[in-house]
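Order-wise, the sequence lines are chains E and W.
First residue of the first sequence? That's 295 in the numbering used here, and the numbers climb one at a time after it.
First residue of the second sequence? That's 295 in the numbering used here, and the numbers climb one at a time after it.
One or more of the hints may lead you astray.
Identical copies look the same in the list; a pair holds intra-copy or inter-copy alike.
Subject to a maximum C-alpha distance of 30 Å in a straight line, what follows is the list of computed BS3-like cross-link-like pairs (lysine-lysine) [said to hold, decoys possible]:
no., residue 1, residue 2
1, LYS612, LYS489
2, LYS470, LYS612
3, LYS489, LYS608
4, LYS489, LYS519
5, LYS320, LYS612
6, LYS612, LYS393
7, LYS612, LYS310
8, LYS489, LYS560
Quick caveat, the hints were computed from the structure, so don't treat them as lab data.
Please read all numbers here as calculations on a predicted model, not as lab measurements.
2 protein chains.
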Amino acid sequence: MSEILDIAAALSRLLKAENILLICHKNPDGDTVGSAAALYHALTGLGKTAAVLCADPIPARYGYMDIGLYTGQFTPGYTVAVDVAGIQLFGDAIAAYTKNIDLCIDHHPSNAGYADCMLLDGDAAATAEIVYELLSAAGVDITPTIADCLYTGLSTDTGCFRFSNTTARTHEIAAKLIAAGASLIQLNGILFESKSRSRLAIERLALESLEYSFGGRCATIFLTKEQIAQTGADTTDIEGITSLPRNIEGVQVGITIRQQPAGSYKVSVRTVPEVDAAEICAHLGGGGHRQAAGCELLGSLDNAKSALLTEVEKALCKE
Amino acid sequence: MSEILDIAAALSRLLKAENILLICHKNPDGDTVGSAAALYHALTGLGKTAAVLCADPIPARYGYMDIGLYTGQFTPGYTVAVDVAGIQLFGDAIAAYTKNIDLCIDHHPSNAGYADCMLLDGDAAATAEIVYELLSAAGVDITPTIADCLYTGLSTDTGCFRFSNTTARTHEIAAKLIAAGASLIQLNGILFESKSRSRLAIERLALESLEYSFGGRCATIFLTKEQIAQTGADTTDIEGITSLPRNIEGVQVGITIRQQPAGSYKVSVRTVPEVDAAEICAHLGGGGHRQAAGCELLGSLDNAKSALLTEVEKALCKE
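Using the sequences provided together with the hints, build the complete structure.
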């Protein structure tokens, strides 16, 4: 188990450290990249040697940030995991650097404590909130560059202040970052307006396959393996559309059925709070949370749909 | 011209007034409804008689707010226009009440000053920001009910803190409203996740008609009058999709062509900052702003498209 640190103790460790390696999680998102880059700029500004390491390439959309990537320019003397909830999330490509983590800065309540020390705040909407507080405690000048990095983490992890993890503190920190010069207009444009051509192609197929059942209380979209391959959609594109059917006005159960390369059907079920998605999926050999669950079905599409809709009908009758 | 008031002066007028009629603009949005409803709750809490009037029905999605609609229960003694930029926006149905407006509270810099007095702040992202400051100056307790109304105005006018009008102050006020008990999760769900079936139907048609030109630098969508009629899409649904083609990764000019009931083509052009939309449209008899302009074309669709793409090519070559 990790030694639990507060902001002041974590800061004191960082200020004593030299040759600091800041490590992101694999499949990097805006929070792990933005938080690590903010720390990189702050620490180098304090005269430290630091760099950022990630097992996967940084997505092009975050190209506006100077991330200070590690290229072997120093031998790491102190390792900091940033927004990494578990060791399996580092990625094998950087295993040589992740055997012993000195400090973990994270906001995932599920973090099991794999690092020697941990600065964890499960109530923070993003790790960027914790990093902001750390830098403020250090008296670091929040430059426009650092503000851009932290705004990236804060806004991407909250869906631009829309998700249920958003709090008053999230907005307070956003206000401070904007006042410090975050490029709000440019960043919101890149992060929340731009959609890839493959994402639009998969949305088009999803909308074409959209079927309503039970008087509009259930909506289902269906994608074949050939369609998914044609669009060039990646996992993020596909995950992004699973919320589409449930977000239609009047819909209580939204279902996404996607054919897997081997032919089986992967089913995602999203529901309103009154309907139990986990129960629908449990009857079909799957499981999950009350409002987001899944299962995998074999056989013909018609049989799969029919089995699903039978369970949906039972769940809707209970409501 | 209106007498310009500051917060304190506007407050003093309101506190002296009796039987206050709060008037929204027609085609009401979240800011006019939320700001007027917040004032209604605050003024009645101060022992005043007040009610809210609007020429059009309040959209069902705002049904979570108790809006205190005017049903002739008192003779108005003081009229307040809330978020109404010009007299043409009141709507004929309530003309009997809008001949003389005592006070206008607004954030539109274009407001010409039709009211006797005006509390105008063109830097506010929403009229709800101004109302928040007015109620704070009055020492009004921001109840969860008032917080819900003001959060509605603030979040809808900024696209949930995404649009370029969002400022540090917008986030500061959002933080205060959340701390005061605004139902963040419920409201964001209703306002920013739910889409109408007609909106999805028009998005589907738009995506089906999507064409790329000039190596993906231009994207065009096209809707016939029959398609628009079939989907049941209203003006808001259609306006909502004009940003779709421009928001595709790599697209610099996004064009939406919609056939009008009489057969002509209404064209919306949206561009990145480097390309002048107004110039493209000026060559075709239209006009507008640098990044958002429009024109109307007659004749066949092929001719209209060809004329448009010729101008787009010229504009792209300049870049």
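Could you check the structure against the hints above and give me the numbers of any it violates, in ascending order?
2, 5, 6 and 7
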